[in-house]
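Engineer: Below are the chains, spelled out letter by letter.
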Amino acid sequence: MKKQPLPPSRNAAAIVTGAGSGIGRSFAYELARRGGTVICADINEERAEQVAASLKALGSKAIARRCDVGDAKQMEALSDEAEKLLGRPVTLVINNAGVGLGGPIGEVPLDDWHWCMNVNLWGVIHGCHYFAPKLRELGYGGIINVASAAAFGAAPEMSTYNVTKAGVLALSETLAAELAGTGVKVTALCPTVVPTNIVNDGKLPERRREFARSAMTRFALTTADKVARQTLDALDRGELYVLPQIDGRLAWRFKRLMPRLYARTVGETYRLLAN
Amino acid sequence: MASLAAKIIKPLFRAMMKRNIQDPDHLVRHLRRIMNAPLMPSLIPRGVSLRHGRVADVPGQWLSTVNPVATVLFLHGGAFVGGRLDTYHHFCGTLAKALNARIFLADYRLAPEHPFPAATDDAFAVYSALIKESLPLMVAGDSAGGNLTLATLLRARDEQQIMPVCALAISPGADATGKLMSRDANNDSDPMLSRVMIDGATRIYLQGADPFHPYASPTRGDYQGLPPLMLTVSEEECLRDDSYVVAEQARRASVPVTLLSRQDMPHVWPIFLLLLPEARQDTRKIVRFMQSHLSSRRHNELPNHSSRSDSLHASPTTQEAVA
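So the protein sequences, as listed, match chains Z and E.
For the first sequence, this note's numbering assigns the number 989 to the initial residue and increments by one for each residue that follows.
For the second sequence, this note's numbering assigns the number 496 to the initial residue and increments by one for each residue that follows.
Just chain E, with the same shape it has in the complex:
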């Protein structure tokens, strides 16, 4: 049963966002108007500071504690055409504080001005720069940013870069082929997105590029050698199957996967932790996931504790379903 807050929020999101806009220019205008509005107040927890910066010439914002012990690259959502970094201040600030980490919110280039692969190039450039630094790195993203997260991991593996400690994709839009069943099956139940919006945004992003390419559709990727992965997805959203397919692909490649699915939640609910009790619960789970992989990494670096990681990775197919 969803919380009362979720029951109130979902119809509001629906009235604000959900449309069946066919015209691409109109869709871009609509998505930008919604996503670039102050959806969420910029509430940064005490002890976390915000400053603007650039990594590998990609602009962005740093949210950091005083003495961070880890780095998180965060790739924001917004259907590849919009998105506002301030929306993520509360969620990422909470993560930064809980993990004692610094988080780089990358302001990657957006379509239609900069179509695929501009966004993946930016994400990968930032990744390549951050992975060379001394602090352990994690990658996270929501929605379109979840796609970029997975694409970045696949590309980093392809180009023989070091893998991050772990990665998180929140309701990733991981399939551009338009063939997944949940696109139609959940077209009515999704409180934010519709098939028409997703297909439209995908066309605007790809602009004729091959939708079967794994960097465009990470569901089509080979997950051999990827780090532990956490996915969150709502059972009632159009993007449900994206997460399930990614989880399946990753498990086939023996990548440890944590799939957190919930009923009756809006798309990317964990970032609305100011509004939803479910988001607060699941953000704690996300923190625990990242923390456990960070500490296992730390233990691994000590010569006598190298076997520690096995116990943490004992079950490569953790699945959590919360009703």
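Isolated chain Z, as found in the complex:
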């Protein structure tokens, strides 16, 4: 009988981008708990070091690296040195790094558009571009791209964010198709509100910041830790879509059944809530 390969979340040689806080940090912890070695990449080196240090304190192997995912050169360098850092080929890539950007279309400066597109979309593109061929060659492993329910949710005043996440979702779906049968699994995570640093670190109009912060406290149906656990389990099962919260699942169903009514409902609801 042929030996079954380990599920990709077990004993992984993993790279997590944006591992310094939020869902990325939870991924790093959960992978370590499952026996993995993790490269914690973050643009904030101090945070990456903290996470790597606490993983080491818990007895796991972890490496911290400063990396701007939007910069192709840095991602290329990371993909080149990853095998040496981990001591074996990379088996799991989690393209998690992302930033928040809000504001009505026309008011958001184009520079901010570029900044957000660069991190959220190009960061994931770079991750897939440099790591997918290696994984395909290895014939084993996984790629998790952190998209968002914003990818299909059409939430108003979040156009940039929605665009980038829709791109991430499309990329993940394509990748799943391309890598089907190679032994490499692809999962796209689409959460709604998860309490993380995304509001504090992101660019939002001041009048919306307080609302976003309190929404994160009041309406979060899950935590970053639970999301990470659920997503890794789903990757092991080979599931492409992970929608960890019921509001996201309802929106997904609603939109697929009645796409035009969905957009109108979202718009009207937002007008009621925001004013």
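Simulated from the structure, these hints should not be mistaken for laboratory data.
Please note that a few of the clues may not be correct.
[What the hints assert, rightly or not] Mimicking PhoX-like on lysine-lysine, the simulated pairs with C-alpha atoms at most 25 Å apart in a straight line are: (1) E:K592 <-> E:K780; (2) Z:K1044 <-> E:K674; (3) Z:K1061 <-> Z:K1072; (4) Z:K991 <-> Z:K1122; (5) Z:K1214 <-> E:K502; (6) Z:K1214 <-> Z:K1044.
Starting from the known structure of chain Z, arrange chain E on it as the hints suggest.
Structural biologist: What follows is chain E alone, placed relative to chain Z:
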């Protein structure tokens, strides 16, 4: 796996209660608005009567059966700044009926108008009055009331009063030092409280008093000579470590401890026994705990049965974890 009811209730609690309010006046207003609203209907079981009364000049309410055989002093929660006795009518009424007891719900003084140690003084005054009466006494409380329960036991021991039969603390907020890890670790997962709320309420309560004093932080107390203790705590709440530290301290002093912990429950879930099946199960466990210590006390009073209590206290470290 939590029940469907818990899955529905938790997001509602979160939307209603959980905030990150920094401003103390705003926090007091918020906590009072939530805790003094009719959160739970006042459903008193048949056979239990309600009347208003005073013990040691502290106002409160009596929930009593016709011929009670025991007394329970109940100290309500509400972050030391709020809380409404009616919220506890159903839970305490159920306890009173199951134990054939009378329960005094003490309406102790609240911060910020009456900061620490006013609440502990009131709780202790009521305790001192009730312990002198003929019926056996038990002490119970939830959240901030759990803190007062433990503080009252420590103080009663310090002042060489008689100990109660047993005590119950439901998700006690037993540490004012802000050093416990679960405050941060469970800040996101707690469906009701956040670190900011707990720290804010603690500052409002202490108003500069020493947070390391055992009557303010019972986690810092010495549990030598305390009666059997039952603690309930949710694994996902900010106050998780308070119960674990208290249990550890008590075990070190050879106090029999029953720690009932559950996954995925809101803060002080046993009092929501109208809503949650888990609360109904655990209220039965609470009743069993109190009943067993009451009956062992009764047997102890008969001269020939004095060894009975040993079997009940055989394992001083009972721990129950329910997934």
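Engineer: It remains to establish, for every hint, whether it holds in the given structure.
Structural biologist: Results of checking the hints against the structure:
| no. | hint | result |
| --- | --- | --- |
| 1 | E:K592 <-> E:K780 | holds, 15 Å |
| 2 | Z:K1044 <-> E:K674 | holds, 23 Å |
| 3 | Z:K1061 <-> Z:K1072 | holds, 18 Å |
| 4 | Z:K991 <-> Z:K1122 | holds, 22 Å |
| 5 | Z:K1214 <-> E:K502 | holds, 15 Å |
| 6 | Z:K1214 <-> Z:K1044 | holds, 22 Å |
No hint from the list above goes unmet by this structure.
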